[in-house]
Amino acid sequence: MLLLKFQSVAFSILFVVPLLFSGMPAFAQPVTEEEAPDEAIEAPEEAPEEPIEEGDETIQEELPDDLRSDNFLSLSTGEQLMEQASEAIDEEDYETAKERLQTARRLSNQLSNFYQQLGGTFQGINTRLSEEQRQKAVQAARMRDRATYQLGLVHRSQQEPALAIPLFIQVIRSQNPTSELGSQAYQQLYDLGFVDTPLEN
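Those letters in the sequence shown? Residues -28 to -1, 1 to 173, by mature numbering (1 follows the signal peptide of the UniProt record, and there is no 0).
In short, the hints are calculated from the structure, not lab data. All C-beta atoms in this analysis are idealised placements derived from N, C-alpha and C, irrespective of residue type, glycine included. Each hint should be verified, as a subset may be incorrect.
Pair by pair, the computed Cβ-Cβ distance ranges are [stated by the list, open to error]:
{"hint": "1", "residue 1": "N148", "residue 2": "G96", "range": "23 to 31 Å"}
{"hint": "2", "residue 1": "A134", "residue 2": "L101", "range": "40 to 48 Å"}
{"hint": "3", "residue 1": "Y66", "residue 2": "G96", "range": "44 to 52 Å"}
{"hint": "4", "residue 1": "R145", "residue 2": "R100", "range": "29 to 37 Å"}
{"hint": "5", "residue 1": "L171", "residue 2": "E132", "range": "19 to 27 Å"}
{"hint": "6", "residue 1": "E152", "residue 2": "Q74", "range": "22 to 30 Å"}
{"hint": "7", "residue 1": "T68", "residue 2": "N98", "range": "40 to 48 Å"}
{"hint": "8", "residue 1": "S46", "residue 2": "N148", "range": "44 to 52 Å"}
{"hint": "9", "residue 1": "D168", "residue 2": "A134", "range": "16 to 24 Å"}
{"hint": "10", "residue 1": "E59", "residue 2": "G92", "range": "43 to 51 Å"}
{"hint": "11", "residue 1": "E67", "residue 2": "N98", "range": "19 to 27 Å"}
{"hint": "12", "residue 1": "N98", "residue 2": "D65", "range": "40 to 48 Å"}
{"hint": "13", "residue 1": "N98", "residue 2": "E132", "range": "25 to 33 Å"}
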């Protein structure tokens, strides 16, 4: 008789315990890596892939009076800044040269980002427009790297290697060491003694 009661109690425990645990909230159960949801898949369709940054009004404020206009965000403005920087260097007005080159860097970098974003928007929709914007993004990026290289040269001429070296490295990373501008930037690092091995052609 006692054995029958023990078996009955044991059966009740085995039957009730799973029911108790099955009612536990989901957060009490560990989630494995396989079960973890992929948030990227759940992203809402209307959300842009990457935010479009706003135009930087401070760039317009930095421009000389003859370059300020409602359409200052253009490759031609960047080229004019580069020309003014070259003229300032010829006159040994290095502070003005630095200002023009820094503004040219910021402007061309922003243009490159804008054109790249615009080109990506037309990808798969209009091939011609997409390629056109991507080419402009490349042009703006090259202008940025030219301004960066020239700014590095100005710092080097003023015995400021700590400011010049990071700029030359930026050019190499962006343009590739085998490109003309990239190899020139590496040569500057070699001349400054930052690297020990010359770049073989």
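How the hints compare with the structure:
1. N148 <-> G96: 23 to 31 Å: This hint holds: roughly 28 Å between Cβ atoms.
2. A134 <-> L101: 40 to 48 Å: Holds, at about 44 Å.
3. Y66 <-> G96: 44 to 52 Å: 47 Å, holds
4. R145 <-> R100: 29 to 37 Å: 31 Å, holds
5. L171 <-> E132: 19 to 27 Å: Check passed, 23 Å falls within 19 to 27 Å.
6. E152 <-> Q74: 22 to 30 Å: Taking Cβ atoms as reference, E152 and Q74 lie about 23 Å apart, which means the hint holds.
7. T68 <-> N98: 40 to 48 Å: Since the Cβ atoms of T68 and N98 sit about 42 Å apart, the hinted range of 40 to 48 Å holds.
8. S46 <-> N148: 44 to 52 Å: Violated - the Cβ-Cβ distance for S46 and N148, about 26 Å, lies outside 44 to 52 Å.
9. D168 <-> A134: 16 to 24 Å: 19 Å, holds
10. E59 <-> G92: 43 to 51 Å: Hint violated: Cβ distance 37 Å, outside 43 to 51 Å.
11. E67 <-> N98: 19 to 27 Å: 45 Å, violated
12. N98 <-> D65: 40 to 48 Å: Holds, at about 45 Å.
13. N98 <-> E132: 25 to 33 Å: Given about 47 Å between the Cβ atoms, the range is violated.
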